[in-house]
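Participant: In case you want the letters, here they are:
There are 2 protein chains.
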Amino acid sequence: MKYIEGGICAARGFMAAGIHCGVRPNKNKNDLALIFSEKECAAAGLFTTNQVKAAPVKLDIETVKGGKARAIAANSGNANACTPDCDENAAKMQAAAAAVLGIPAVETLVSSTGVIGQRLNIAAIGEGLPKAAKLLEHSPQGSDAAATAIMTTDTKKKELACVFAVGGAEVTLGGIAKGSGMIHPNMGTMLCYLTTDCAISPEMLKKALKTACGVTFNRISVDGDTSTNDSLIILANGLAGNPEIVSEGEDFMTFTAALTELCTEMARKMAADGEGARHLITCTVSGAADEKEAETMAKAVISSTLTKAAIFGCDANWGRVLCAMGYSGVEFDPNSVDITFKSAAGIVPVCKNGMGLEFDEKMAKKALSEPEVEILAAMGSGAGQATCWGCDLTYDYVKINGDYRT
Amino acid sequence: MKYIEGGICAARGFMAAGIHCGVRPNKNKNDLALIFSEKECAAAGLFTTNQVKAAPVKLDIETVKGGKARAIAANSGNANACTPDCDENAAKMQAAAAAVLGIPAVETLVSSTGVIGQRLNIAAIGEGLPKAAKLLEHSPQGSDAAATAIMTTDTKKKELACVFAVGGAEVTLGGIAKGSGMIHPNMGTMLCYLTTDCAISPEMLKKALKTACGVTFNRISVDGDTSTNDSLIILANGLAGNPEIVSEGEDFMTFTAALTELCTEMARKMAADGEGARHLITCTVSGAADEKEAETMAKAVISSTLTKAAIFGCDANWGRVLCAMGYSGVEFDPNSVDITFKSAAGIVPVCKNGMGLEFDEKMAKKALSEPEVEILAAMGSGAGQATCWGCDLTYDYVKINGDYRT
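First to last, the protein sequences are chains A and B. Residues 1 to 406, numbered by this note's numbering, are exactly what the first sequence covers, in order. Residues 1 to 406, numbered by this note's numbering, are exactly what the second sequence covers, in order.
Pulled out of the complex, with its shape left as it was, chain A reads as follows:
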């Protein structure tokens, strides 16, 4: 596969737009995104596991059951959750988007992201949707506008697209996403929309999405909080002309592999742009009894507040890494664990067989000062391996979240 430009509009037949409609007071910030396919799509979605689900999430869960969709409307600035009229507003948003696009409401998905418990300005969205529909375009600009419109505390726009061959046809896959707080395994406050022109059945599309999500978005954490609004949605309109993927086999594997790679990059972008983050932390646990145990331990490490604070301080405090593995719930022999810090600036082994090694503190500090820091924990229990991604805990995280509403 090869990365290309174009984001959510890279695949054939997909258009997008983003505007400021008035959900946010700041007129310079887009707050409404619209994504549209000229042809009906197979659709699949994965949503927050939180018991408290925002109204649009509850609606989308029903909508994707049909396996078909053509459009996504999403606002930032308000989560449309926990208000007396949130369900009604989600339905209104869905109906309004469907009407301006001339498609059935049951093929229209809706998302909201922002503050919980404040009423959504549905009138602004109702007025904004026709404007956004007029601006829809199959272009990198359309993708950019939509990507900007779903950003909340993100500092960087998250867009990716790639091409790869399936059954002799060139397939394009692209997407946009937003982080950047309330990010935790089983998805955080993340929205991610993916589009592809691959021909694939709704069932196989969902299977591919679950596989990709399990080893990517479900392996990142910013702050341990799982939000009420997480949504990962993929639309596939079949315009690439490949033989439709309707079962497992080579084409399905090719598609799933490309999807997983793109989702990995997207997940890394989210973790790296976690609220206040200065470092992307990548933790790989290898030699665990199985992949599940490796994942559990790697998640504990990237979620450990103390490890995150140490990386912020560029402090090679590996005891916190071993400690986090120790309370993860996995049983293992601490005396079988080797820990190494690694970055573009160097490789620093700090622990061998569960015991501290002598190491050059200056060298370690230099290695940990890089934007991406890898924590490698190798153990002797088996062949299980997993990588999880997180970010450091900084003053800015506290600042951003100490006064988010005002």
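Just so you know, the hints here were simulated from the structure itself, not pulled from any lab data. Please note that a few of the clues may not be correct.
Just so you know, same-sequence chains aren't split out, so a pair can sit in one copy or run between any two.
[What the hints assert, rightly or not] Calculated pairs, DSBU-like style, for lysine-lysine (alpha carbon to alpha carbon, straight line, at most 35 Å):
#1 362 - 27
#2 58 - 292
#3 92 - 352
#4 365 - 27
Given the coordinates of chain A, assemble chain B onto it according to the supplied hints.
Facilitator: For chain B alone, kept in the frame of chain A given last:
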């Protein structure tokens, strides 16, 4: 029961001392504590659930199996964990303490707290123990010196003592403790030593300790990290002269109730003095299906990074409270939840039946500016109720933990 002075030395027959022996470079900070009973005691202990256990913890787990002990030696400044000679050093520390006190090694408990993976200066402890033994005294000063010696990043000394009647005799119970990071349900980096002159069998003492710990130390969180060194130890020497408690019944209930109340106060002190904390956060969930579910939800709230950051900002962002309950793993109807913030400055209902209420932001800010903030979440599932304690997430937490080792 009535609180009194004297801490760990309040109960009859207990002596304590604290000195600087040289584990820490700073000569003005005590780093070695010694606690001694003139009479053999029933002993019970609860220790970290972390797979990675510090050497003294592994040794103490064996020691308390005998049900008898007379002394505790504890150092701060080094965790005595994950070094090639940690087990040997823990055994040396135990043998040296036993020798200077003239008691069997199997009746001597040892603890360490501080950095993981650096070699303990056992020579300094060996030289310090005879000096500490000479200073042992049955006095508030002895307790103070010991309490100071186990402090790490604690800003406040944690000492408590109380008297109550058991079987017609006046029983005294006291203790010292340290926090203040790596604190999470199932104990954090906490050390807590309790002494009592109550006559009680080792079996009943352990039962009482487990009951008290379950609803106190296991319900606090500072940062979600469970340390390698947590230890909660109680010694009971029987000098109060009450009829020995050897089974459940009124005396056992009286003793357990007093122990639970003292542990509650100690746990609150730990949470309030969490690293960098400005606010003690008390979350009570009521109306849950059962106590376990109430506890799970209350723990999720006080552990939520986003809720902790909001309280730091005195921001009544109740959506984060409901969100944390939602991802706790408990199934419930979000529309049955009422949320209220409460403090000495006022009571602010913010959510009714899962929906946001209009409230006075100024009043809310004022209420949340108090040192102790209560979060009350009432729901309609049953009679389950539980209270958990935590603290806010502040710039100082990040600062303290960004560079702890140096």
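Participant: Each of the hints needs a verdict: does it hold here or not?
Facilitator: Status of the hints after comparison with the structure:
no.: 1; hint: 362 - 27; in the structure: between (47 Å within a copy, 27 Å between copies)
no.: 2; hint: 58 - 292; in the structure: both (29 Å within a copy, 28 Å between copies)
no.: 3; hint: 92 - 352; in the structure: between (59 Å within a copy, 24 Å between copies)
no.: 4; hint: 365 - 27; in the structure: between (43 Å within a copy, 28 Å between copies)
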